[in-house]
Structure formats: C-alpha cells, structure tokens
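Q: Each chain is listed here by its residues.
There are 6 protein chains.
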Amino acid sequence: MSKNKTVYFCAGWFTDKQNKAYNEAMEAIKANPTVDVENSYVPLQHQYKGLRVDEHPELLEDREWAAATYNGDRVGVQTSDVIMAVYIPDEEDIGMGIELGMARALGKYNLIVIPDDEWGKPINLMTFGAGDNFIKLSELKDYDFNKPSFNFYDGAVY
Amino acid sequence: MSKNKTVYFCAGWFTDKQNKAYNEAMEAIKANPTVDVENSYVPLQHQYKGLRVDEHPELLEDREWAAATYNGDRVGVQTSDVIMAVYIPDEEDIGMGIELGMARALGKYNLIVIPDDEWGKPINLMTFGAGDNFIKLSELKDYDFNKPSFNFYDGAVY
Amino acid sequence: MSKNKTVYFCAGWFTDKQNKAYNEAMEAIKANPTVDVENSYVPLQHQYKGLRVDEHPELLEDREWAAATYNGDRVGVQTSDVIMAVYIPDEEDIGMGIELGMARALGKYNLIVIPDDEWGKPINLMTFGAGDNFIKLSELKDYDFNKPSFNFYDGAVY
Amino acid sequence: MSKNKTVYFCAGWFTDKQNKAYNEAMEAIKANPTVDVENSYVPLQHQYKGLRVDEHPELLEDREWAAATYNGDRVGVQTSDVIMAVYIPDEEDIGMGIELGMARALGKYNLIVIPDDEWGKPINLMTFGAGDNFIKLSELKDYDFNKPSFNFYDGAVY
Amino acid sequence: MSKNKTVYFCAGWFTDKQNKAYNEAMEAIKANPTVDVENSYVPLQHQYKGLRVDEHPELLEDREWAAATYNGDRVGVQTSDVIMAVYIPDEEDIGMGIELGMARALGKYNLIVIPDDEWGKPINLMTFGAGDNFIKLSELKDYDFNKPSFNFYDGAVY
Amino acid sequence: MSKNKTVYFCAGWFTDKQNKAYNEAMEAIKANPTVDVENSYVPLQHQYKGLRVDEHPELLEDREWAAATYNGDRVGVQTSDVIMAVYIPDEEDIGMGIELGMARALGKYNLIVIPDDEWGKPINLMTFGAGDNFIKLSELKDYDFNKPSFNFYDGAVY
Chain C
1 MSKNKTVYFC AGWFTDKQNK AYNEAMEAIK ANPTVDVENS YVPLQHQYKG LRVDEHPELL
61 EDREWAAATY NGDRVGVQTS DVIMAVYIPD EEDIGMGIEL GMARALGKYN LIVIPDDEWG
121 KPINLMTFGA GDNFIKLSEL KDYDFNKPSF NFYDGAVY
Chain G
159 MSKNKTVYFC AGWFTDKQNK AYNEAMEAIK ANPTVDVENS YVPLQHQYKG LRVDEHPELL
219 EDREWAAATY NGDRVGVQTS DVIMAVYIPD EEDIGMGIEL GMARALGKYN LIVIPDDEWG
279 KPINLMTFGA GDNFIKLSEL KDYDFNKPSF NFYDGAVY
Chain U
317 MSKNKTVYFC AGWFTDKQNK AYNEAMEAIK ANPTVDVENS YVPLQHQYKG LRVDEHPELL
377 EDREWAAATY NGDRVGVQTS DVIMAVYIPD EEDIGMGIEL GMARALGKYN LIVIPDDEWG
437 KPINLMTFGA GDNFIKLSEL KDYDFNKPSF NFYDGAVY
Chain P
475 MSKNKTVYFC AGWFTDKQNK AYNEAMEAIK ANPTVDVENS YVPLQHQYKG LRVDEHPELL
535 EDREWAAATY NGDRVGVQTS DVIMAVYIPD EEDIGMGIEL GMARALGKYN LIVIPDDEWG
595 KPINLMTFGA GDNFIKLSEL KDYDFNKPSF NFYDGAVY
Chain W
633 MSKNKTVYFC AGWFTDKQNK AYNEAMEAIK ANPTVDVENS YVPLQHQYKG LRVDEHPELL
693 EDREWAAATY NGDRVGVQTS DVIMAVYIPD EEDIGMGIEL GMARALGKYN LIVIPDDEWG
753 KPINLMTFGA GDNFIKLSEL KDYDFNKPSF NFYDGAVY
Chain H
791 MSKNKTVYFC AGWFTDKQNK AYNEAMEAIK ANPTVDVENS YVPLQHQYKG LRVDEHPELL
851 EDREWAAATY NGDRVGVQTS DVIMAVYIPD EEDIGMGIEL GMARALGKYN LIVIPDDEWG
911 KPINLMTFGA GDNFIKLSEL KDYDFNKPSF NFYDGAVY
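Protein chains in written order, with my numbering: chain C, 1 to 158; chain G, 159 to 316; chain U, 317 to 474; chain P, 475 to 632; chain W, 633 to 790; chain H, 791 to 948.
By construction, these hints were calculated from the structure, which means they are not laboratory data.
Among the hints, a few may not be true.
[Claimed, not checked] EDC-like cross-link-like pairs, simulated, lysine to aspartate or glutamate; straight-line CA separation at most 20 angstroms: (1) U:365 / H:907; (2) C:136 / G:219; (3) H:911 / W:694; (4) G:175 / C:91; (5) H:839 / U:380; (6) C:121 / G:222; (7) W:779 / U:433; (8) H:911 / W:690; (9) U:463 / C:81; (10) H:807 / W:776; (11) W:649 / W:771; (12) G:305 / P:510; (13) U:333 / U:433; (14) C:3 / W:776; (15) H:807 / W:723; (16) G:207 / W:693; (17) H:839 / P:613.
[What the hints assert, rightly or not] Incomplete in silico selection of chain U near chain P, CB under 7 angstroms: (18) 379; (19) 414; (20) 417; (21) 442; (22) 444; (23) 472; (24) 473.
Source: prediction; values computed, not measured.
The beta carbon of each residue, even a glycine, is placed where N, CA and C say it ideally should be.
Chain C with its partners taken away, still in its complex shape:
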C-alpha cells in the first residue's frame, strides 16, 4: 500500500489552453498512485458559500466573499504537501504567482507542470527561481510525489 501526497491544484480555468491543461492534469493526478486526489485542494471547489464570481458578478465588490475565498486558497496552500502549478508560459497568472511565492517562503514544494507543446518557451524569471522542479504534463501521471527533488527549468527564462 503506497503512501501519497496532497496537492494544491493551482491552475487557471479562463482560456481554452488553460481548460485543456486543467483537465489533462486532473486526469493525470487521478491516475498517479502517489497523489491523494481525494484530499487535495482544488480552489474552484472552495469558493465561499459555493458561489463563483464568474457566475455571480454581484460578488465582484463583496469584501466578505473576497476575504473568505482568498483565505480558503491561503489555507489550501498551507495545508497541502505540494503546490502543483499547471503552467502555460504565455498565459502566466498573478494569482498563481502569489501562491508560489507564499509556498516558497513557508517551505513548501513547488512543482511546475508545463504542457508538452509549450515546454521550453520562455517563463518569468521569478517562476524559474521559485519553482523547485519542472516537468512536462505527459510526465505527471508517473511523477513520484513521494520523492521531491530539485531541478532547473530546461527552457528559456525572460
């Protein structure tokens, strides 16, 4: 019976590329025996009171909703074993950045997963430094989350 790890599922759901990568990454971790998907943290499932701002635009200026949803994501970062970022080099996202930065300063492990056809494209310098390892999306289903190790991004940095 294998051990496994929880992940903070850090991924956008706003563009086609993001949605495609989101779904493929979700399938990959479900197939990966070293990930505890059931107890992992998926931000989209933790919007305060179950309300999403894209479906409820009246939340745009509701500070109670914003504060609670932000704190939900903060708790997700703090209580997960691994911050896993599904990363599209030319659609970088500031929210993902804040999560990676927090995670790094708190001593979490930051794993950056890049779709195969985006691999090698230039990424932001700060992601290069805040990431602890970088893999292709096709490698995700076999990645051993129980053996975190370090490597540089094998691609360009701007």
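With chain C held as given, fit chains G, U, P, W and H onto it using these hints.
A: Okay, now just chains G, U, P, W and H, sitting in the frame of chain C:
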C-alpha cells in the same frame, strides 16, 4: 529631519501602460520625503553583470545569469521595508505575484499602487488578499511610508 | 484504511468548564477516524521530567523546567498537522493565543472548537483572524481533518 | 541625533489596572528617546473606519469590520520593530498572546513590560518562552530599544 | 500497519568517524519501522546530474552545479518530516549547521544523534539551542519518530 | 547625515586566524559609515550574566546559562539588519552555520567576509547557497551596507 523607508520597486517595463506608470511612480517616490529612494531596490538596476535579457537574448537559457538575477530580486524583497507594486489591473504579472507572495509570508508590507484611470477595475483575488493597502498613483507622492496601515481594495475582485 | 492527522491538543485544564470541554473533546477525537490520537501532542503529557507545576509549586521559579516545558509545547505546535483549540469564549487563555499565533505564522491549520452552549458568544478579534475554521464541539467527532477548509466564525467578535 | 525604534503598542484597555498601565506605558515611551512614538502602531487608533466595537455594538457581527481590524493589527505587528506588551500577570489576554506568537515566528523582538507592583507574579509558561526580555514598567522610560537583548523573566511561571 | 516519517539524512562522509557513524545510522533507520527510508532524502544521492565534487574536482568552480546541488539539499530540508543530524562533537560541520538553522526557522523537528562513545562531549552552543532532541546512536533504531518530543542535551556545551 | 545598518557580528575567537580576522573586521566596520557599530550585536558581549564558558568551565553543563546565551544569539540574529560572517574557509564553524541558516529562512541578509589571503579557497556548499554576498576583508570598510545586493562566491565550493 524625517525618517524614511526603502522600497522594493516592483513594476513591469514591457508595455506602454507599464512604462508610463513606472516613470510616474518613480517620480512620485523621488518627491516623497518618507521614501529613501537612494537605497531602494530597483530590479532593473540589478540584472546579473549588468546584462538585460531583452538586450542579450543569449541569456535566455543561461542558468547562471537566471539564478543570480532571481536571487538579486529575492534579496531585494527581503531587505526592503516595503514592497511597492505598480499595478495595472489588466496587465497583471506573475513575477510581481511571486514577490508579493514571498513578502507576505516573510512579514513585509505590500503596498499596491494603481494608476488613477485604472482604479476600481477588477484585480486578481490573491492580490486582494496579499495586498496590505491599495492607493491611487496620484496619492503616492504624499503617502506616509512611515505609517503603514491596512485597507481593503476599493474596487472589484475577480 | 483511512488517512489521519495529528493534532496539537490545545486546551485548558483549570476550570470546570475547561475540564468538561477538555474531556468531551478528547472523547470526540478518539471517535474520529481522521485523527491520529496516538501520535497527537497533549501538552499535559509533556511536562518536563513528568512534573506538573500545579502539583509541584517549587517549579514555579525553576527556569530549566520552564524552558524545557515551553520548548516541548513549541515542538508540539511545530510537528502537529493541526492546532486544535478547545475554546471557551469567556475563559480565553494567553498560552493558547501564543500557540495559535505561532502556528499561523508557520503555516499550520488552526481549528477552533467551541462548546455548543458557548457558540456565538463574543470572541477576541485576534482569534477571529488567526483561526482558520470554527466548529461546535458536537461536530468534532465527525469533522474531516483530511479536508481542511476556511470559514469565518459564525458569532460575535469584540 | 539618536536612532529610534517603532513599537507595536500591545495593551488592553478594558480594566482599571489595564488602563492605568496603558497610560503609564504611553507616557514612558514618549519620554524615551530610543522610541519613535510618532510612527509606532497603537491598535486603538487603527479600528476599521475609526469605529470601535465597544462604542458600536452593531459591529460585533460585522465580518468586514472584523477582518479589516484584525488585518490592521497583523500589519502593525509585521511592520513594527518591537512588540511591546504591557502585561498584567493576572489579567492575561489571548489577543496579546496571538500577537506575541506571530511576532516570535516572524523573528520580531518581544518585550514584556510588567507594572512594578505586579512584578514577580506567576505568568503563563508560553509568555515565559515567547518573551525575549522582561522589564518593570518603571524601567521603560530608560530602556534602550536600540540594544535588544535576551533575559529570562525574574519571577514565577505557571 | 504503522505510520512512519521521512528524514533528511544530515551526515558527513569525509572522515573515518563520520563514515562509521553514517553507516551505523543508515542501518538503524532501516531497522526502525517509524522511518520511511525509501522516501527519505540522502544528500549524497542528490548531487546535480549525479556528479560528486570529490570525484569531479572540475565542479569546484561550476556555479550551475553548486546552485543546483545546494537547492537540492534545501528542498530536502523543506520536504522531510525530520532533520536527523548524525553528529560528531569534535568534527562539527558548517553545512549541517546551515541545515539545522533553516529547519528550525521553518518549524521542522531537529533530532541530533551522537555516537555512544562521543556522548557527553562538548557541543556548540547553537546546536544545543537549535536541536529539539538529542539521542545516542544505539537508541536510534528504537526511537519513535511518530512521537517527537523535546529534551536538552545531557552533556557539555561550549 | 548617512543612514546605517546594524550587524550581527558572527565570528570565531578560538584560533589565531580567527582572532586576527575578528579584530580586522571589527576595525573595518568601525571605519565604515554605513554600519551602526554602537547598536550592533557582538555575541561575546552577550554571554549570560557576563560569564564566558572558556573562563568558567563550570558552565559547560549549566543549562540555564546555555539556554539564555543561545537565546541571546538568536535575538541578535533576529534583530540585526545584516548577518556578517567573518569566514575562514578551512576553519568553518557549525555555530556560524546555524546562525546563517536561521537568518536565511527569516529573510535576513547574509554577508560573508573572507580574509584576502583565504579568498578563493573551497567553502562548504551550504554556505555558497545561504550566503547572499561574498566580499574580501579588505573591501569591508568601504562596503555599502545600505545597498545590499546578491552575488555568487567567486571561488571554489566543495
């Protein structure tokens, strides 16, 4: 004789909007007696060996350059009193996010400065939560950096 | 075979209300399959050399005893998955506060458990902010410690 | 011209003993040339929108007010050089505890100031450990905030 | 089926004493059912690209190799449950010190293991303070890693 | 009137090389207008009750003395602006390592100062990574402590 604070000058220099805001913010802190501009950290002035990747594309895959420049920015965040982000809501930047996230977990003060004509536009939920205060660019020259306080963003969050 | 989490059992044992809540909370986590009670940290079981100050008043001014017992509790906070505070709103305790504050800055999960008949009473503003979730004591035996999430206190704050 | 330090003025204002100590401590730091009182953080002056819950009981359940006021105090702890707790041994306060615990984990200096006629009385074990130094209130006006050093509490611990 | 913990195996391999203790400690944790040896982090197995500087002296001045190997060890410290230092009092090592210091500030558990015939010899004052517990090498195979607790070093400190 | 910074003066006093470097470094910072020597933390001046273990061997096993002296140094690291290590490559010291490791995780700036005739000699890999900048002792008197920046060690790493 007034006290003053050092800032980590966190701002993009890639688009017209960014450049305009960058220059205005720089002028504002020079005019602000509570900022110690001379000893503040401006990332653009700390590229490893003085080389910029936009002028030296051969650096794109040079890991020594990337690691050193990243570490320069990390040191800037750690040694400055305030992380000041010149923030364009519709041109959010992941590198800025990583700096804000790190700063928050280390206990630094995150000040978000938004150009007046962008004020109120939706910002990322994580910036809403990681920011300690939000002001308009026109307020920057008179902002008292010696009296950091908290406030919510007075605008939309997505 | 279910996963489970260790808790730092943060609770007073000085008043009748505290003792009653202490015992009920202990029974609840024993009945909760998502808690690893055996490996959880109960401060009362980690007094230095097995000596309790309430039974050995000569320890009141013994700095070696005090330093070691304090460090024991610090280690308990650092090595447990969850800081679980059994919280009586009108008998708040500064020691519990220090543990919650440390835990928050280190990125631990703070769960505040309030006896049902005390629920809704005013709690300190800092507990409101340092707590990651708030539940009734009757909910403790069924609370899923493997799925930490955020919520505000559903009661008053002073 | 002397250097000076900012303090987070951590003190209760709810009982007679607290108010007396509060006022004496405030006078003492005003007389102390190593404290920058003007730029210090006094929580009572940073209630969200200037509203105090003791004067506006309708705020008791207002989460926006509570979240903002909590964050104000968090910012105060993070941005001050020293956390100065005006400490009444038999009126310990959980909010002060959370501030001391956070401050310790973030690497701030915790100075515990005890009224002379309370000196030596038993204090909580966690304060003993989280405090970096302990002085009498009568010593405060001459304490050198520029030379922080460590000492144990010279009194009882329970 | 017992729970177990991962360790960061912090030990020198440069002198006879170190090698002997290294091997004995490795055997002990393999025999200890509360240690997950398979997923533990052994720095010697994570030299960048599998290259060791003692076998490849050309790496002495290779910054990419140095930065990556350092980051590997940093990741090991951050992702392991326990930092276990195999400690020879008269052959103290600065690298081990940096790992223990980082671990302490991040809230990890530092276990110092000393060969039986070295037990009691003077150790550095900072190790005394940064260590959370101290045991003899002969006790390692039976030590319960699931029940971390605090104790002072039972020997001399210089 | 120039700003200046406090340093934690991290240096051994046990060998001839160390004593020589210690004295030269002390002279250099006294001559450096960007260092606030008066308010800097020199561990040798903060031994608990003014007692040094090299002069009072009975302290070797006195835990109150050890705990207080350790905490003094911890406070020194936490409250100084810069951790300045006077570093002899072939006489590395574990206590210095613990201070550098703590400082790094807390976000302090680590400056490594190496005597000119030792410059370039191999240093420990962890110092390479935990150090933020490396300078020669002859450069110390002119180093601008108000402008902390990053650089790699320009020498060998083992």
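Q: Now, for every hint given, state plainly whether the structure supports it.
A: These are the hints, each one checked on the structure:
{"no.": "1", "hint": "U:365 / H:907", "in the structure": "51 angstroms, violated"}
{"no.": "2", "hint": "C:136 / G:219", "in the structure": "18 angstroms, holds"}
{"no.": "3", "hint": "H:911 / W:694", "in the structure": "14 angstroms, holds"}
{"no.": "4", "hint": "G:175 / C:91", "in the structure": "19 angstroms, holds"}
{"no.": "5", "hint": "H:839 / U:380", "in the structure": "16 angstroms, holds"}
{"no.": "6", "hint": "C:121 / G:222", "in the structure": "18 angstroms, holds"}
{"no.": "7", "hint": "W:779 / U:433", "in the structure": "34 angstroms, violated"}
{"no.": "8", "hint": "H:911 / W:690", "in the structure": "14 angstroms, holds"}
{"no.": "9", "hint": "U:463 / C:81", "in the structure": "13 angstroms, holds"}
{"no.": "10", "hint": "H:807 / W:776", "in the structure": "43 angstroms, violated"}
{"no.": "11", "hint": "W:649 / W:771", "in the structure": "18 angstroms, holds"}
{"no.": "12", "hint": "G:305 / P:510", "in the structure": "11 angstroms, holds"}
{"no.": "13", "hint": "U:333 / U:433", "in the structure": "11 angstroms, holds"}
{"no.": "14", "hint": "C:3 / W:776", "in the structure": "19 angstroms, holds"}
{"no.": "15", "hint": "H:807 / W:723", "in the structure": "19 angstroms, holds"}
{"no.": "16", "hint": "G:207 / W:693", "in the structure": "18 angstroms, holds"}
{"no.": "17", "hint": "H:839 / P:613", "in the structure": "19 angstroms, holds"}
{"no.": "18", "hint": "379", "in the structure": "5 angstroms, holds"}
{"no.": "19", "hint": "414", "in the structure": "4 angstroms, holds"}
{"no.": "20", "hint": "417", "in the structure": "2 angstroms, holds"}
{"no.": "21", "hint": "442", "in the structure": "4 angstroms, holds"}
{"no.": "22", "hint": "444", "in the structure": "5 angstroms, holds"}
{"no.": "23", "hint": "472", "in the structure": "4 angstroms, holds"}
{"no.": "24", "hint": "473", "in the structure": "4 angstroms, holds"}
Going down the numbered hints, you'll see the structure goes against 1, 7 and 10, while the others check out.
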